Each structure stands twice: as structure tokens, then as C-alpha cells.
Amino acid sequence: MISSAGVHGRLGVGVIGCGQAAQAIHLPALASLQELFRPAVFYDPVAPLAETVARRASGRPAASVEELLADPAVDVVLLCSPNDLHPDHAVAAIDAGKKGVLCEKPLASSAEGAQRVAAASRRRGVPVIVGTMHRHDPALHALASQWGDLPERASWIRACAHLSPNPVMVSFATEPVPPTPLPEPAGGGPSLAGAAMLRGLMLGLAIHQVPLVRMAMPAFDAVEVAIAPGLMYQVSLRQGERLAQLTAVVYEFVRNDWSFELWGPGASARFDYGASYLQAQSSTGELWQDGNGLAARRAFTSAHENGYRQEWRHLAAVVRGEEEPLTGAADAAEDIAFCERIAAAAGAGWGEAP
Amino acid sequence: MSKLAVGIDGCSPATQAAHLAALGSLPEMFRVVSVADDDPTVAREVAQRTGAGERAPGEVAPGADVVLVAGPVPTRAGRVERAFAGGARAVLSESPLSFDSRVAKRTEGKRGLLVCLAHLHDPAWQAALERTRELARRAALCRVTTAVEPLAGIVAGITQAVETKRPGDLDGAPMRRPAAPGLRELAWGPLLEDLALVRSCFGAGAELLHSRFYRDGYEVMLRAGSVPVHMTGHTSGTRRTEWAFELLGPGHHRVVRFPPPLLPGRPATVADHSAAGTVRSEPVYETGYRAAWKRLHEVALSGAPPEASSSAEDIELLRMIVEGVEGGD
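As they're listed, the protein sequences go chains U and H.
According to the working numbering, the first sequence holds residues 1 to 354 in order.
According to the working numbering, the second sequence holds residues 1001 to 1329 in order.
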């Protein structure tokens, strides 16, 4: 069912999960795209949170996911629910006849879950866009249009995530509604270690960079992993004579460096991701090329655009049949499977070879 | 200030691109009096450029107060011996002193010998060293990243080096398998330099956990004390260079960035990121090469032994890495 505004007017957005991602990332992006979208209905298991956020966005709260999906004012669904629930919510939105889904990353907490979404998306022809926003960033597209076959030729691929903790970034981006803590499960929360910890880090943070890493190195022969308490990991993948590294360090005062690099013969490229949560910061790309005795360096920026807005623009264009989906749930499932293969090699700590 | 007579024994690209530039910028301290190389043509041309006398290989001009040894690595220890036997008060040897750590250790015992590790001598590194060591004690990770273009490209960008037909300085350098010249150069140059930085920061005794080589570089994991040290090196195919030594820990992030090798006029920079903000420091108009020569000047005049450089330990560790003794390919 499509709302009266529907395909040719503004698309009504139903928001499932009203936490930081919805408040700091998506509502500001939607607010800047009023010609395309209208936040309509909000659901969160913490009802006061849904009410507050709905009021801020001039929408209405829903008492359940089912109620939200049944509302004809909802054309597309934003999923900011816990990762484990993404597949159920995505499939429910697809089955409810919604025209598109934008799901916060990761699409699922397992490749199997993501594949379930991919199957539903394929079966019903409903696009599912995953919120790895940098993949939609115009600076990346500009850079990628010029780097030719560098991803295949590069012998060193480096994905770095030195970031401040999310609460710091959220506090810069918006004034979040304080969350009401959900009751702790009996016996306390799970204590993560080793592979489970790495799996969480891969799906929570590395997933942003995995699409690009996988583009340059679709498979790997060997993996070495080191993790440390806190959000730190060092992953080294090898495919023949090539090396790919994914590193993360999350400290409050770390120098932010969220980047993807390709180092190859005669050329190298660097893409600096815009900081997460911040709408105003553009990503940048740089390309170094040597030729005819000259060394050239070119820079690409997103100007006044960012990946968050672009993924929403892309969703609107796909729903209207104006663009083919850049990626889909099947790609996301492959990304998650890639992470799972890495996590399976988790070492016991820094410096421990698995 | 006493001006010391310099004998040059070995006109490698480093000699021509870095040392002659450093000596030329310190005229109040040094004057080049003799030049020797295994390739007589090279020796003659460099001697003409410097206005110095040309000598046979390994022959030090009478009256040379200090000697630069920079010939092929297997010959360096012997050249150092001859320089001291010839009356030199101090000797500066290019790194590595030898491919054999036992030879290096034996030779390092010479009073007045300084091994030139430009980054170790870099005034920015030295000025920051005490604080770096403090931060290292509570670091969660030390990371060293070195992406440099092949030496020939750098030298060509600095000076018009006289090409030689004699064997290269690193010919015969141990490697675990046949490797591209750039990879051998990367290991026995920048990686050895970086191992010296790690030792300078954490002290001796770093443990090799594993090492891997890939097409254009290496990845090495050490444990220094309780701190993991992750080292990546890459032979850049472009002029793009990155050479950084980082310490990361709760509440601090120190980044020391080094200039591309051999470039005169550019010192390292140090940046500290913390709750207090970011503080950057950079000594002006000084380089590791000039600093090494200044130190050699002090050593020659005072007669005091230079600080222990212990490059033998780094050579031993490097041999384990390049020969795949532990965890390698």
C-alpha cells in the first residue's frame, strides 16, 4: 500500500527504533530532505522515547511494529532496532508491502539472517539499503571513478578506524533524548571475549569498511587477528602476495582517522570517511599517480553532501524507479559472511597469533 | 669551533644525497679532505665535487680526524677497523654496520664509532624521547608504518648521484626468499631503522611474535615489554610517503612523523593528542643526518664514547625477520 503522497510526492517514513542512530543520524538527514521524505510514525519498545522523538519530528508514535507497518502513511521503513531484530523487522516491512527499507548497519547479526532478508527483498522486489553511509558518499564515487583497476592491483590495502566513542560523536551531532535502560537479563549481560568480541567489532565497526576491502580483496587465504580490551582490533588478511589490514582504536582523545587506502604500483588512493553522526562533514578522497616522470595528486570532496543524505536520496530514487540499487541485501550478506570468517580466526589478545 | 677533517670511504647514494649535504651545511665543523670508493670513477667525480683528494678504497687520508664509512655492507666493519687504525678519532658508519650481528657487536666496541640511524638521531625524536618512553610504559599499542618509494627514486629527487658499476651496498643481504630489490632495501633500510626506534623507546629485548612479507612490503608483530608493536612497511609505487611511529593508549596518542629518507632540511614532527588538545612540535632547520654529524664532532673532540647504539641487537632481530626464524613464511 502506498500513501497518497506516495511515489511521486514525499515518502512517509516509519522509524523502528528511536535511539541515537535515529535521532543523531537519520532525523537530521530527513529534515534536510523535506522535499523527498516526511517522518511519519515512530516505534520504540521504550514508549516515552518514541513519543518524545515523534513529537520532535512532528510524527506520531506507534504502540507496536505491527501498528507502524499497518499505517498507510508509512511508505518506507527505517530500521534502527537492535541488530538481532533487523531481519525480522525488514522481512515484516517487505511483507507489509512497503516500498523500501533503509536498515542501519549491519543488516543482521549473522549472514544467515541477512540472506533471509535478501531472499525476501528479491521475492517481493523491495529494495533494502544498508546504512553503510560512506558507500554512498559522492567523494568516494568521484575517487572510484578515477582509480581504474587500482583495487585489483594494490598490494597493500589498509582500512583504519581510529575514532572517538559514539557518545562523544552523538553529543556533537544532536541533543539525544536520554535512553531509558531496558531491564538487564537475568544473570547480567553476556561477557564477550575472543571470537565473540571480535565478531561484535567486525559487525559494529569494520562493517563500514568491509565493502571496500572486499572489493579490493574478495577472498583471503590467511588471516591473523589481535584484539584488546576496549575497542581495538588488528586484522591482517593475505591473499597470495597481497596484504589487507583492518585496524580500529576507539579512545576518547584519539586523533580521528577513518580511512581506506590502496597502495599499488604507480598509484595509491586514500579515502577519508566523514565522521559518523556528523552531517556537515564531507568525506575526502585523494589519488596519487606517477606517470611520465611526474607525480600527480588529486583530491575529491563531497562538497556540501554526505553519505547519510545520499543513502536517503538513493532510496527515494530506487523506490521511484529512477536508479538501480547500488547495493542490496545480498551484498550485505556477503559483507557479514566476510566478517564472520575473520571473527572465526580471533586470537586471545594482542600479539597472540591464532 | 674546531674544524675536523673528514675522510669519506664509500660514495653510496646515502653519502652523496645525505651526508655531503649535511657536511656542506656544517662548514664550521667539517671539511672533506679525502674521498674513496670501490669504483674509481665515482670516487673521482665525488672528489671533484667536494674539492677533496681522491684515495684508494679503504685508504684514509693522513690527517683525517673522522671517517664516514658507507661502502658495501660486507666491507664496512673492515673499513671501520682500518679507519681507526689509520688514526681516525671517530667514525660514522652507515647502517647496517654488517649483515652479521656478531661482527656488528664486535665492531661496535670501538671507541668513537657511531652508526648513522638518521631517525634515531633526529632532534625531534631525541627531544621527545623521555616523554615517549613514559607514554610507552602505558601504551596499549605501538604502531610503526613505513611507506617509502625506492631509494633510487628518492636519491634522484635530491641530487645528481654519480652512478656506480660496483656491487650495491645491500647486495647479498639475507632474505628468506628471492625478493625484489625494493623489498630487500626496505627491510635492511627502513625496517632496521624502525627497530632501532622501538629499542630506543622500549629498551632492549623485544620479542618477535610473527613476521610476514607480501609483494611490496612486510608486516611484523613484536612484543616490547607488555606492549604489542605492529610494524608495516611498504615500497610505495609513487612519491607518496608515510613514515610514522605511534603510541596509542587511554587518554593519549603520540604520533612521530618522519620525513622521507635522505631528504635534507626536514626534521621529524611530534604530535600529541589528548584531553588537553593537540600539541605539535618540530625542530627547525635540523635533520637526523646533521644531528649525527654534530654528535660525531662532539665524540671526536671529547674522546668520550658515543652512547651505545647496540645496532647488533637490531641486526639479530632483523635476521630473524628476514630469514623467517619464527612464524614467518
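Hints should not be assumed to be uniformly reliable.
[Stated by the list, open to error] Which residues of chain U face chain H? A partial, calculated answer using Cβ under 7 angstroms: (1) 147; (2) 149; (3) 234; (4) 236; (5) 243; (6) 249; (7) 263; (8) 266; (9) 288.
[As the list claims (entries may be wrong)] The following label-pair restraints were derived from C-beta to C-beta distances: (10) 1078/H <-> 196/U: 43 to 51 angstroms; (11) 124/U <-> 1244/H: 46 to 54 angstroms; (12) 295/U <-> 1102/H: 51 to 59 angstroms; (13) 218/U <-> 1244/H: 26 to 34 angstroms; (14) 1225/H <-> 240/U: 28 to 36 angstroms.
[As the list claims (entries may be wrong)] Just a few of them, taken from the derived set where beta-carbon distance is under 7 angstroms, the chain U residues facing chain H: (15) 152; (16) 155; (17) 156; (18) 265; (19) 268; (20) 290; (21) 295.
Just so you know, the hints here were simulated from the structure itself, not pulled from any lab data.
Since this is a predicted model, take the numbers as computed values, not measurements.
Glycine included, every Cβ here is placed at the ideal spot set by N, Cα and C.
We went through each hint and held it up to the structure:
Annotation: residue 147/U was flagged as interfacial toward chain H, and the flag is violated, the nearest CB pair being 13 angstroms apart, outside 7 angstroms. Interface hint status for residue 149/U: violated, as the beta-carbon distance to the closest one in chain H is roughly 14 angstroms, over 7 angstroms. Hint status for residue 234/U: holds, given a least beta-carbon distance of 6 angstroms to chain H, under 7 angstroms. With its C-beta approaching chain H no nearer than about 6 angstroms, residue 236/U sits inside the 7 angstroms limit, and its interface hint holds.
Interface restraint check for residue 243/U: the shortest CB-CB distance to chain H comes to about 4 angstroms, inside 7 angstroms, so the restraint holds. For residue 249/U, the interface hint holds, the least distance from its beta-carbon to any beta-carbon of chain H being 5 angstroms, beneath 7 angstroms. Annotation: residue 263/U was flagged as interfacial toward chain H, and the flag holds, the nearest CB pair being 5 angstroms apart, inside 7 angstroms. With a cut of 7 angstroms, the hint placing residue 266/U at the interface with chain H holds, because the nearest CB-to-CB distance is about 5 angstroms.
Among the interface hints, the one on residue 288/U holds; its C-beta lies about 4 angstroms from the nearest C-beta in chain H, closer than the 7 angstroms criterion. The hinted range of 43 to 51 angstroms is not satisfied by residue 1078/H and residue 196/U, whose Cβ atoms lie roughly 58 angstroms apart. With their beta carbons about 50 angstroms apart, residue 124/U and residue 1244/H fall inside the hinted range of 46 to 54 angstroms. Residue 295/U and residue 1102/H have their C-beta atoms about 42 angstroms apart, which leaves the hinted 51 to 59 angstroms range violated.
Taking the beta carbon of each, residue 218/U and residue 1244/H are about 29 angstroms apart, inside 26 to 34 angstroms as hinted. The given range of 28 to 36 angstroms is respected by residue 1225/H and residue 240/U, whose C-beta atoms sit roughly 35 angstroms from each other. Interface hint status for residue 152/U: violated, as the beta-carbon distance to the closest one in chain H is roughly 13 angstroms, over 7 angstroms. For residue 155/U, the interface hint holds, the least distance from its beta-carbon to any beta-carbon of chain H being 4 angstroms, beneath 7 angstroms.
For residue 156/U, the shortest C-beta to C-beta distance to chain H is roughly 5 angstroms, which falls under 7 angstroms, so the interface hint holds. Against a cut-off of 7 angstroms between C-beta atoms, the interface hint on residue 265/U holds, since the closest Cβ of chain H lies about 4 angstroms away. With its C-beta approaching chain H no nearer than about 5 angstroms, residue 268/U sits inside the 7 angstroms limit, and its interface hint holds. Among the interface hints, the one on residue 290/U holds; its C-beta lies about 5 angstroms from the nearest C-beta in chain H, closer than the 7 angstroms criterion.
This hint holds: residue 295/U has a C-beta 4 angstroms from the nearest C-beta of chain H, less than the 7 angstroms allowed.
The structure fails to meet hints 1, 2, 10, 12 and 15 from the earlier list, while all remaining hints are met.
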